[in-house]
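2 protein chains.
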Amino acid sequence: MAGHTAGTAKATAKEDILDAAEALFAARGFEGASMRAIAEAAGVAQALLHYHYKTKEGLFEAMFTRRSGAINRIRLARLDVMLARGRPTVEDIVEALLRPTIEAGHDPSRGGSRFASLILATSTAEGDWQKGLVARSYDSMAERFIAALMGALPGLGRAEATWGYLFVVGAALTQMAPTGRADRLSGGAARDEDTDAMLSRAVIFAAAGLKALATAPPDDH
Amino acid sequence: MAGHTAGTAKATAKEDILDAAEALFAARGFEGASMRAIAEAAGVAQALLHYHYKTKEGLFEAMFTRRSGAINRIRLARLDVMLARGRPTVEDIVEALLRPTIEAGHDPSRGGSRFASLILATSTAEGDWQKGLVARSYDSMAERFIAALMGALPGLGRAEATWGYLFVVGAALTQMAPTGRADRLSGGAARDEDTDAMLSRAVIFAAAGLKALATAPPDDH
DNA sequence: GTCTATAGTTCGATAGAC
DNA sequence: GTCTATCGAACTATAGAC
Chain D
1 MAGHTAGTAK ATAKEDILDA AEALFAARGF EGASMRAIAE AAGVAQALLH
51 YHYKTKEGLF EAMFTRRSGA INRIRLARLD VMLARGRPTV EDIVEALLRP
101 TIEAGHDPSR GGSRFASLIL ATSTAEGDWQ KGLVARSYDS MAERFIAALM
151 GALPGLGRAE ATWGYLFVVG AALTQMAPTG RADRLSGGAA RDEDTDAMLS
201 RAVIFAAAGL KALATAPPDD H
Chain B
222 MAGHTAGTAK ATAKEDILDA AEALFAARGF EGASMRAIAE AAGVAQALLH
272 YHYKTKEGLF EAMFTRRSGA INRIRLARLD VMLARGRPTV EDIVEALLRP
322 TIEAGHDPSR GGSRFASLIL ATSTAEGDWQ KGLVARSYDS MAERFIAALM
372 GALPGLGRAE ATWGYLFVVG AALTQMAPTG RADRLSGGAA RDEDTDAMLS
422 RAVIFAAAGL KALATAPPDD H
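Protein chains in written order, with the numbering used here: chain D, 1 to 221; chain B, 222 to 442.
For the record, the hints were derived by calculation from the structure and aren't laboratory data.
Be aware that a few hints might be false.
Calculated from the model, a selection of chain D residues having no Cβ within reach of chain B, i.e. all distances over 10 Å [unchecked claim]:
(1) D16
(2) R78
(3) A125
(4) A172
(5) L173
One side only, chain B facing chain D, incomplete, derived with CB under 8 Å [said to hold, decoys possible]:
(6) A266
(7) A342
(8) A423
Backbone N, C-alpha and C define an ideal beta-carbon position, used for all residues, glycine too.
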């Protein structure tokens with residue numbers, strides 16, 4: 001049991017750096033978060049970041065894949081359990097898709113993770129390496145959920161399932177980062193911080209939207 | 222008619238700077254786009270940016286409010302027309318909310334605007350001035366559309382209407398920037414660049430989701 | 001209104017001691 | 001594996017000529 005302890009290892013400097021990087025990249029973006037600031041937040045020298053991760057891009061990629069991998073493993077495990085038990089409902093599939101990201105945001109290792117906004121920023125970045133990172137991190141998981149949606153909704157075509165998947169993810173991800181907008185626009189009736197209330201609405205909204213896409217006419221002129 | 226010509230004025234250096242700033246801020250983010258790069262893209266000296274807009278923040282704010290103001294004027298004009306004619310459908314309201322942003326993205330003044338991703342990045346930025354900018358730019362428009370949704374859907378409460386509005390905007394905005402994901406995930410059945418096809422699906426998806434929120438139980442434990 | 005030139009700061013990355 | 005010290009480049013912003 002010596003050496004690389006599996007599972008819940010004691011926090012190493014290497015992990016501390018990833019935690020600090022995630023918090024700062026999420027808050028300030030790739031260019032806005034400096035290696036200096038990350039090193040200071042992690043409590044280590046700046047040179048140590050380059051020793052472990054070589055470049056700033058390398059650090060970003062390591063931070064991104066650690067979290068996205070953890071989230072996707074939970075997603076797919078839940079999906080596999082549901083598929084093994086029978087035909088899951090659309091609501092079940094959407095819940096399995098969305099809740100793991102919220103739970104990752106409550107990660108006890110750091111307060112107030114905002115990984116959701118990091119995904120959005122990385123998806124729309126101009127750099128090819130960032131789009132490639134998103135593709136490598138999420139595409140295979142996304143394909144399995146799109147297939148599951150088509151299985152749960154006869155009549156849902158490939159294009160509609162893809163758009164539906166992207167709508168669902170976009171609707172929820174944009175609400176996971178606390179922007180304070182829900183509180184303000186609702187006059188206090190909705191609260192940004194109440195991610196459970198948000199998620200229960202998102203599941204209702206998304207499931208109904210997906211069902212409508214399954215029955216809508218193929219249209220296009 | 223001399224002096225400040227209203228309407229479609231000939232492109233001035235001041236406007237050229239805003240065009241270049243919008244393209245670069247959208248592509249690289251606030252920190253990632255440098256004043257040097259913006260000046261070069263606009264074909265003017267860097268000092269001219271500071272002469273017209275004082276600071277980088279000032280330039281960003283001028284760029285942001287120009288586009289958001291133009292979009293919101295169209296949105297509210299369409300909403301007013303619909304309300305004057307009678308009780309608009311949910312589909313009509315969603316269409317009036319979403320289409321102006323897509324049309325702004327096709328702005329002939331520049332190729333391939335990606336203002337949608339700029340809104341997302343600005344909404345989730347950590348800086349208070351950016352969140353404040355989003356609030357000043359969008360809150361009053363959003364309140365009017367939320368009220369219109371509640372008018373079109375009896376049974377839709379304030380909290381549900383607010384979450385629903387935010388879901389609709391989040392679902393559509395995340396698909397307006399061409400990420401290439403729809404093409405890849407659908408095997409070519411859906412195409413990122415076909416924003417009209419995306420929007421027609423978004424309207425179906427969003428209207429059904431909003432209707433479901435209007436009839437769902439109040440839940441919360 | 002637009003330019004050149006530059007001051008002063010911060011950045012990513014590396015060298016080299018321990 | 002972790003540190004201090006530093007290099008060279010890029011950054012925002014300003015001064016001052018035209």
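Quick rundown of the hints versus the structure:
1. The beta carbon of D:D16 sits about 21 Å from the closest Cβ of chain B, which is more than 10 Å, so the claim that it is off the interface holds.
2. Distance to chain B confirms D:R78 as a non-interface residue, since its nearest Cβ pair spans about 20 Å, more than 10 Å.
3. Separation of D:A125 from chain B is inadequate, the least Cβ-Cβ distance of about 8 Å not exceeding the 10 Å criterion.
4. Distance to chain B contradicts D:A172 as a non-interface residue, since its nearest Cβ pair spans about 8 Å, not more than 10 Å.
5. Listed as a non-interface residue, D:L173 fails to keep its Cβ farther than 10 Å from every Cβ of chain B; the least gap is roughly 7 Å.
6. A cut of 8 Å between beta carbons decides the hint on B:A266: the least distance to chain D is about 23 Å, and the hint is violated.
7. Interface hint status for B:A342: upheld, as the beta-carbon distance to the closest one in chain D is roughly 6 Å, under 8 Å.
8. Hint status for B:A423: holds, given a least beta-carbon distance of 6 Å to chain D, under 8 Å.
Checked against the numbered hints given earlier, this structure breaks hints 3, 4, 5 and 6; the rest are met.
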